[in-house]
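Spelled out from the first residue to the last, the chains are:
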Amino acid sequence: MNWSILRLLFIHEIRMLVRARRTVVMALVIPAVIMPVMIYAQKFANDRREQTLAATTYRYAVTGPLADRVRSLIEKTQQTLAENKDEEFDPLRQFKSAEIRVENPRESLDNNIIQFYVQAMTGEEADKLTRTRDGSGSRSSASATTPARRLNGVPRITVIYRADRDGSDNAHSRMMELLRLAREKDSRLLLVDRGFPGDPKGLFAAADSNVATNGQVTGSLVGRFITLFLVMMMFTGGAVASMDIIAGEKERGTLETLLTTAVRRTEIVTAKLMSITCVALVITLIQGINFFLYIRLKVIALPKDFDLQLPTGMALTLLTLFIPLAATIAAVLLMLSAYARSYKEAQMYFFPVYMVSMIPALASVMPGLSLRSAIAFVPLANVSVASREILMGRPDPLMIVVTFLVMALTAVFLIRMSARMLAREDLVIPSHSEPAEFLGGPALFQKRVLRWFALMWAVTFAVAANVPQLATFQRQLVFNEVVIMIGATLLMLKLYNLDVSDALSLRRVKPVVWLAILFAIPSGYLTALAIFRLVNIVIPAPQQLLERFAEDFIPAGMPPWQLYLYIAVLPAICEEVAFRGMLLNGLRRRLRPTALVVSVGVIFGLFHMTLFRIAPTALLGMILTGIALMTGSIFPGMLLHAGNNAFGLWAGGSALGLETLDWQYYAAAGSIFALALWIIYRNRTPLPTRPVYRGA
Amino acid sequence: MNAPVVVSNLSKTFYDEGRGEVRAVDSISFQCREGEVFGLLGANGAGKTTTLRMLSTILAPSSGTANILGHDVVLDPQGVRKNLGFYSATTALYPRLTARETIDFFARINQYPEARVKERVEYLIQRFALAKYADTRVEKLSSGMKQKVSIARTIAHDPLIIIFDEPTVGLDVLNALEVQESISELRSEGKTIIFSTHIMSEAERLCDRIAIIHGGRILASNTLAGLRESTGQHYLEDIFVLYVKAGQETV
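Protein chains in written order, with the numbering used here: chain A, 120 to 815; chain B, 153 to 403.
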């Protein structure tokens, strides 16, 4: 990377952006000027409304045989309120009303002469009305009368109002509160009359005591939403620059000019990424300052006892996480811009990408989710949870480092992907198809294989969650393994006209490889256990989850042969065909060996749904992929996969205590496993690969 | 002495939704000598632009090799681009930069010695008579002025090899003449120029050697005198038609 070139490109990008007047107006002036004006206008309107409502004297009428009782109740309650100084009754104390006599209350309500009227019925009348209504069947929903829960013979007081009028609606709410208060007061007096303690305060005092400081409570509140807020701001802010930065250049023809200069693709991409990050951060900062000003000017009201404490160390830690977060968001936006053929197309892609990116940012809202779990490896979600823990004053330094590394790696990966996109020829010649699109068959399969696996994953997930008929152990396994894995494999073989033995790597291997696999089965299992124990020290898997999983996973009373069939044989055959056969074959010519091993392993892990199973199965998947690459065949991996699952089943049932062996046994097992892999490597018969031109 | 541009069996295959598999460039070979204008003369769709895009490393060859001053277009694309100026009707300018900023940016980005950039920019502004408009944004310049800025940015880093891909397309006669004059001047400065055109008079006037390209293949490559001698025709148009017809019959 040439830093002076990078600096030059960065300044160039920023200059281009600043000179685009409309973009600057959209990006800076709108949030800085129009938003405060809008919020002020809204606050002004709200305040005026409140003032108007508070200053109004509401007119009402009282009808019915119990009208005098209602009048007396209202009057007494208003007197009590005037004597009571509790703040909670302020709205009721401010409620000004005046009864007026009218001939026809309903007509007066419709003509806005009164805002509501109170109809007071005796118990008999109310009972009669209820019977009439029950007899007539359905009630008109338009009348929207909310029937009070009432015992037979009990009088009924109805407040009749118009919900389509602000004044009427507001006045009715206050009158309902007043009447409820009156009823409560009345019932207390009744209890006292009959010799019961009427005042609840006379029974016992109920109090609560919060031991968290206001700072901690505020930290918890802010921590839940800060990442979401930042992701939203950075996405919308960064989009201002990103749309134009590649997609716009494609349209204007300046991208081709830039690509013919001596700069590298990575330098172009990095400079563009820096510009997007910079713009995203500036706009986020402006929004942050705006937000702060709104609070200072009391345009936005903060919760009671809000006390955000942000010591320097905490602020710096948050900043350390937010910088790779900004870079990742910028990289996503850059990829979107590079993928789109035009500015308009980039705008079209923006919204779905924006919405999907919100989902992991909401991880901090999920109760009980701790950073010391697999969530630390999920980009965006990890920052979300980490920010909450930091602001609550419970930072986990090790996991914060893991989070930072995961985010940094994600950003680097996305930058590389964007740089690769700039090598695509349809950037320069849009009318030409990618060769695969035209040729179809195996070439197209290589392009589409990831979409197929994404679809398979989505179907597996959706069916598991929504089809209760498939919720049993056997049915779910048969559906996932046979219908999804084998079914999709057969479909892909047919649609893309693939050669079965080539696509599935059905090749013979040297006999010594089989011997190595036999050694690898127990030693590999013990090595995995050792790794699990080590990882468990750092990221403990929840014990409850493990127990529940074991109960769900292995049904009681199943004959052993069925257990071995469903847990060892079926997954080994079906999953090896799908992952080390189809997926590996599809990606083999597109990725370098290391990336291939990691990708196939991770995708394999993702199919194992629950979060804490993803990492170990991904590791197993990587080993199986490595073996498939070395041997050029799925058969050794199939045996290892079946053997591993069967050994685990046998060991679990035999209570051998393999989970608690001394570390030297694990070390010995690890050595045997490494030796087995070395034997396989020495006797490798790999599949042919092809170099890929990536541009520079 | 080694030729600065060596192209051997270079091919490019596209897959076009309408036309299917298209061999845009079909195993072409040629060499350019130092200080000459080498012309690629062909009709639209003959494979000129694709060939030049492969030489400028924008497109990857399907097969064959190409070397620019010893740098392979696949193995060392950055080395190629550092020594190359690429001009085409499709390489646009940044509309929001001024003429001066444009030349400055392209000189720096192509790693022209930092200390001499200013001097180089002023020289090019004077050379292309851009002084009056040097600080005007490109978007406000006339098409003739834009053309001049485009050529200036192409040679901003003083490359030894310059590619002109149909530089006069869409220009009026006077502007086209100015472009031709610029190319002649560059040749006199010792630059090696690859020049593609479908206009016979331009090829006649500018090129030291001409390669007639059709259907992605080079049908003939020689000096104008050599082509006249081998065909017995005087006018380049007749020579071109003769070769193209012969090429079609061979196909």
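Think of the hints as simulated: they come from the structure by calculation, not from any bench.
Being a predicted model, the structure only gives us computed values, none of them experimental.
Some hints could be false.
Unchecked claim - Label pairs and their computed distance ranges (CB to CB):
id, chain 1, residue 1, chain 2, residue 2, range
1, B, Arg-175, A, Ile-153, 51 to 59 Å
2, B, Leu-323, A, Met-145, 30 to 38 Å
3, B, Leu-312, A, Arg-134, 53 to 61 Å
4, B, Leu-312, A, Val-531, 32 to 40 Å
5, A, Leu-610, B, Ala-241, 21 to 29 Å
6, A, Leu-610, B, Thr-242, 39 to 47 Å
7, A, Gly-560, B, Pro-265, 33 to 41 Å
8, A, Leu-488, B, Arg-175, 30 to 38 Å
9, B, Val-325, A, Arg-535, 46 to 54 Å
10, A, Asn-802, B, Ala-241, 55 to 63 Å
11, B, Leu-323, A, Arg-460, 23 to 31 Å
For glycine and all other residues, C-beta sits at the position ideal for the given N, C-alpha and C.
Hint check results:
1. A hinted range of 51 to 59 Å holds for the C-beta pair B/Arg-175 and A/Ile-153, which are about 56 Å apart.
2. Range check, B/Leu-323 to A/Met-145: Cβ separation about 36 Å, and the 30 to 38 Å hint holds.
3. Between B/Leu-312 and A/Arg-134 the beta carbon distance is about 30 Å. The supplied range of 53 to 61 Å is therefore violated.
4. Take B/Leu-312 and A/Val-531: their Cβ atoms lie about 36 Å apart, and the range 32 to 40 Å holds.
5. Distance hint check: the CB atoms of A/Leu-610 and B/Ala-241 are about 46 Å apart, inconsistent with the given range 21 to 29 Å.
6. One distance hint, 39 to 47 Å for the beta-carbon pair A/Leu-610 and B/Thr-242, holds here, with the actual separation near 42 Å.
7. With their beta carbons about 52 Å apart, A/Gly-560 and B/Pro-265 fall outside the hinted range of 33 to 41 Å.
8. Checked against the hint of 30 to 38 Å, the pair A/Leu-488 and B/Arg-175 fails, with Cβ atoms roughly 57 Å apart.
9. Range check, B/Val-325 to A/Arg-535: Cβ separation about 49 Å, and the 46 to 54 Å hint holds.
10. Checked against the given bound of 55 to 63 Å, the beta carbons of A/Asn-802 and B/Ala-241, roughly 58 Å apart, stay inside it.
11. Distance hint check for B/Leu-323 and A/Arg-460: the Cβ-Cβ separation is about 28 Å, which falls inside the suggested range of 23 to 31 Å.
In summary, the structure is inconsistent with hints 3, 5, 7, 8 from the numbered list given earlier, while agreeing with the others.
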